[in-house]
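Participant: What follows is each chain in one-letter form.
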Amino acid sequence: MITFSRRRWRNGLISAIAAVGLFAWYTAYDVSLYQPAYLTGWLLLALIVLLTLYNGRKKLSMVPLGTAATWLQWHVYMGLLAVLTFAMHIEWSIPNGFLERLLALFFVAVAGSGLLGLYLSRRFARMLTRRTEEVVLERIPEFIANLRGEAEELVMTSAVETGSSSIADYYGNRLADFFAGPRNMRLHLQGSRWATFALMTDLNIMTRYLNDQEMVYADRLRRLVERKDQLDYAYALQSVLKGWLFVHLPATYGMILMILLHLLLVYSFGGAR
Amino acid sequence: MVEAVTIQRPRRWDARFSEDMDNAAVDRVLKLEPFRDMDHDRFPDTLSLAGIVSNDTRIVRFQDGDIVMREGDYGNSAFLVISGQVRVVLPPGLPETMLGRAPSEKKSLLQAVAQLWRNPPYPEVRDSYTAEENKGTASRIGGDQEARIFIQDVPTVLNEHRTATLGAGDMFGEIAALGRSQRTATVLSDGPAELLEIRWQGLRDIRRRVDDFRKHVDRLYRERSLASHLQATPMFQHLDQEAINRIVDETLFETYGDFDWHTQYQRSRDESFNSRLASEPTIVAEGDYPDGLLLVRAGFARVSQGVNNGHRTVRYIGRGAVFGMAEIVHNWRQDVSRRNSDTDGDDGDGAQSQSAPTDHGSTKTLQTTLRALGYVDILRVPTTVIEELVLPTLSDEELALYGHLDEQAETSDTFIGANTTDHSMIDPGMLEFLVEHRYINGTATMLIDLDRCVRCDECAVACSRAHDNNPRFNRHGRRHDHYMVANACMHCMDPVCMIGCPTGAIHRASPGGQVVINDATCIGCATCANSCPYDNIRMVEVRGGNGTFIRDTVTNAPIVKATKCDLCMDQLGGPACERACPHDALKRVDMQDLTDLGRWLNR
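Top line first, the protein sequences correspond to chains A and B.
Under my numbering, the first residue of the first sequence is numbered 1, with each subsequent residue one higher.
Under my numbering, the first residue of the second sequence is numbered 1001, with each subsequent residue one higher.
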């Protein structure tokens, strides 16, 4: 079994060799007074078609077409080659036509979201493992609702049992919104724990005005806040891990439509070749 | 102060095999061969022969054609014919479909792709069950209210298959019951027959105390299985038949632990590590003289080494492994070396044994402790026999390989398919985790590397697509560090789920050995689900094509079936979960293949 680092080296080396070959081909084409834009254009189209097949492979998991992991490796390294091919195709400059610019924008969106997705896949997976219990994204709202129910019951009981509204007031002012649904997504993505820290600080300040009986409830409430924070964290990271595909895939479809239009225009109105 | 909850300590016979064994039945059994010749004084008062008969046996009545036991099943009991006769179907045996098993067929490419649009929209939808699935058999309820599968056309089966007849006084099934191995033949009732079923605990206790019975069982095992077991062990493979026969004669059989380890494990898995370790029977202890080479015939054992007040797990070993070889080789080489030195001193001719390099170290005692993990069957070949028949025939390279003695106990034994580096490649904490939770039992344990898993659930989606939109595992389970063992059937080496299935619906597929359930013959009794120590079998209520529950025509209760991972044995290309993971995060691991496991963990 090949190690990840060896695989990275191997695939990187193969891609580098392919890139050098591509560049040499491009140069030879250019000095031969052919229009290399046609070469890089068709090559780019071929690469994009191959790259889009990966999504089809994911749907056809029941057919023995190689593992999805192998396909993803192809997808990543061919994607990098596609970026190089694209740069050569636009001759390392920003296209001047509106449609070309739009097409370039789609390409950048696809490539950029792909690279970002790859980075997030590696980074967020580790972060989730380090900080949270395993929880399925779709079930997090249900768990939050359960926590909210527990918190509200605790607050009501506290008010009845202790005859004090301190905890209930604190809940109403500071925690009701916190428990209403997933919160602090941006802060969690940034790795900041400031929001929870602020809640905990306020809770600590409030405890100065609690008696022993209320302190028991305050401690239980604190644990619920910590559990909710864990769920928020998992929700934020898992949402992004799934969400980036909602940029990558629609941008791909848009790009393919633009490519078809681009081809039509080039072959309809292109000059001598 | 909180008052402790007290209960009476659970005892051996808290759960009787059958409540029907009254005094009259016990007296009747005690008058039968072989019980009537047994010396009652050999049994202590707390474990009397009458007590064993009363608590560990039951009388079962079969009708003509009833299948008493099936080839390939795992049993935990033996049978004694009281009256009537039974037929043992000789090889090649009955077809799989007749034994309640589904034929294993792979889907065609078109059928595989068609799963995209042909899978039903409701969970657990089944086509109507037909008699086609279980050709030649049907089920009925026996007098004891247990389901029986019977052969519909007994005369034809008897004409088409070679059989041997067993009559009153004959016993069968004891080797599989005591050795926890698969039944080697199918037995069916030829006319009405009355059988005494003896569960393994009773068999074990009788074997311990009745010499004739022990000799009988041991002789059967020696005759049928031991020679082939020895010949499959690398260090014995080159020996001639005479030497093998000598070893067969000298080998001792030992059993440690609890056959029903899974129930005990389920009860004790939340106890502390030390209390669980203390409950594991010690087979040999660190510091003991190695008086024999130990071969694991069935089950698993923990190899550990004392560290101050605790014990560190060094590795685990299972069926086919040997223990103690390194110390025996070391001591023998030292002994030979010493004798050669003496000879040199006497006659000065400098002669050396061909396979005894100089080694003047001290005699080594065992470097590690061997404990039974649940249940272990051990073959003990005396050291003197090894020294006489095996060691002189090994080459210097083999002696060096088997005799590598590491004071830190990294490797002192061999495990088929493993080498020196295998165990050291696995982080000690991971090793403890795998042993602790008995995941070592798996041949296709689902391991997920959470550092690479992006929680996309492609694995579950692929599994679901491959099983009519019903995922057959849960992406959830115990974690160690950044690894998770998901709740998916592990296709165990010791599949305790298969014990007690009344219809044989849960079975090992051939070829491949996956543990699978034949949906058509599953009666939904949940015996397998309750037995699975890992909670990997789910009971589901099945539906018809229109989404309504299929109900029993008599009780109107929904029909329930056991479901679990079948390792996609009908799919092209193997387990869909593993193939669908884009990030190399999921692998089905054979825990016996430590090389593969170690490499995967250290990618």
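Check before you lean on any hint, since a few could be wrong.
To be verified - Quick look at which bits of chain B chain A covers, simulated, 3 or more residues with Cβ under 8 Å:
#1 1017 to 1027
#2 1238 to 1246
#3 1578 to 1584
#4 1591 to 1603
These aren't lab readings, by the way, just hints derived from the structure by calculation.
Don't be surprised by glycine CBs; every beta carbon is placed ideally from N, CA and C.
Participant: Is the coverage entry for the region 1238 to 1246 of chain B by chain A consistent with the three-residue Cβ rule at 8 Å?
Facilitator: violated (count 0)
Participant: Between the region 1017 to 1027 of chain B and chain A, see if three or more residues pass the 8 Å beta-carbon test, and mark the coverage as holds or violated.
Facilitator: Since 0 is below three, the answer is violated.
Participant: Cut-off 8 Å, C-beta pairs, minimum 3 residues; does the coverage of the region 1591 to 1603 of chain B by chain A stand?
Facilitator: holds (count 5)
Participant: Are at least 3 residues of the region 1578 to 1584 of chain B within less than 8 Å of chain A when you compare beta carbons?
Facilitator: Per the Cβ count (7), the hint holds.
In terms of the numbered hints stated before, the structure departs from hints 1, 2, listed from lowest to highest.
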